[in-house]
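Novice: Residue numbers (this note's numbering), protein chains in the order written: chain G, 3 to 112; chain S, 3 to 119.
One thing to keep in mind: the hints can contain errors.
DSBU-like cross-link-like pairs, simulated, lysine-lysine; straight-line CA separation at most 30 Å [claimed, not checked]: (1) S:LYS106 x G:LYS81; (2) S:LYS106 x G:LYS82; (3) S:LYS7 x S:LYS56; (4) S:LYS58 x S:LYS73; (5) S:LYS70 x S:LYS39; (6) S:LYS73 x S:LYS56.
Derived CB-CB ranges, DEER-like [stated by the list, open to error]: (7) S:VAL80 x G:SER69: 26 to 36 Å; (8) S:GLN16 x G:ILE55: 49 to 59 Å; (9) G:PRO16 x S:GLU60: 44 to 54 Å.
Hints were generated in silico from the structure; no laboratory data involved. As the structure is a prediction and not an experimental result, all values here were calculated from the model. Think of the CB as a built atom: it goes at the ideal place given N, C-alpha and C, for glycine as much as any other residue.
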Amino acid sequence: SQTIHQWPATLVQPVGSPLSLECTVEGTSNPNLYWYRQAAGRGLQLLFYSVGIGQISSEVPQNLSASRPQDRQFILSSKKLLLSDSGFYLCAVGGDQPQHFGDGTRLSIL
Amino acid sequence: DQQVKQNSPSLSVQEGRISILNCDYTNSMFDYFLWYKKYPAEGPTFLISISSIKDKNEDGRFTVFLNKSAKHLSLHIVPSQPGDSAVYFCAASASNAGGTSYGKLTFGQGTILTVHP
Chain G
3 SQTIHQWPAT LVQPVGSPLS LECTVEGTSN PNLYWYRQAA GRGLQLLFYS
53 VGIGQISSEV PQNLSASRPQ DRQFILSSKK LLLSDSGFYL CAVGGDQPQH
103 FGDGTRLSIL
Chain S
3 DQQVKQNSPS LSVQEGRISI LNCDYTNSMF DYFLWYKKYP AEGPTFLISI
53 SSIKDKNEDG RFTVFLNKSA KHLSLHIVPS QPGDSAVYFC AASASNAGGT
103 SYGKLTFGQG TILTVHP
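I would like the entire structure built from these sequences, with the hints used as guidance.
Specialist: Here it is as structure tokens:
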């Protein structure tokens, strides 16, 4: 079965600082990978998805970027965080079955 | 533009009764629908799904109904249990979005379900 590892679980960062969130997947190969964000009181919004190494599609213009350096590794980054980047970030794996989510990273920007 | 809407932010139900969670969508290209359950500080957990070729799918206490003409789906939980208390999200996908039939998901805002003992 698939396992998704996301870290850290919580993160507090100052405005203007860089960000790197990592997601790794076990139990599958060549998965579709997704980054979602849930802002306070809102639903989940798709940020990026990837169908293979080095392939990234962005869904909304924003202050964030994503990379997929390995088949089962998906990284979410920012050079300078904004207050509006606060939220709950979720990595998901999909492909031939309904998307399965990690436990997320709670990001607070001060 | 909110393509998937859950108009009820919260629902309170007594244990043993039926919980009905509703979801509306606007994009006629959506042909696959899912329900997820989410506890605080955890990722969503997949519950049940339905393809647009069906109007009903059942899995134990959970049944999802799809009304394509009304662009409406609902999740029924019978009987409701206190452990069902969580946030429920509906999500929709269009075939081949992202290259597979399980492609990019568009989520509703969620409904907080509280089941009282």
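Novice: Does each hint hold? Answer for all of them.
Specialist: Verification of the supplied hints:
A distance of roughly 26 Å separates the Cα atoms of S:LYS106 and G:LYS81; the hinted pair therefore holds under the 30 Å criterion. For the hint linking S:LYS106 to G:LYS82, the alpha-carbon distance of about 27 Å falls within 30 Å, and the restraint holds. Between the alpha carbons of S:LYS7 and S:LYS56 the distance comes to roughly 21 Å, so the proposed pair stays at or under 30 Å and holds. For the suggested pair S:LYS58 and S:LYS73, the alpha carbons sit about 14 Å apart, so the restraint of at most 30 Å is met.
Between S:LYS70 and S:LYS39 the CA atoms are separated by roughly 23 Å; this keeps the pair inside 30 Å, and the hint holds. Taking the CA atoms of S:LYS73 and S:LYS56, the gap is near 13 Å; set against the 30 Å cutoff, the hint holds. A hinted range of 26 to 36 Å is violated for the C-beta pair S:VAL80 and G:SER69, which are about 45 Å apart. Between S:GLN16 and G:ILE55, the C-beta spacing of about 51 Å keeps the proposed range 49 to 59 Å intact.
Distance hint check for G:PRO16 and S:GLU60: the Cβ-Cβ separation is about 50 Å, which falls inside the suggested range of 44 to 54 Å.
When the structure is compared with the earlier hints, a violation turns up for hint 7 alone.
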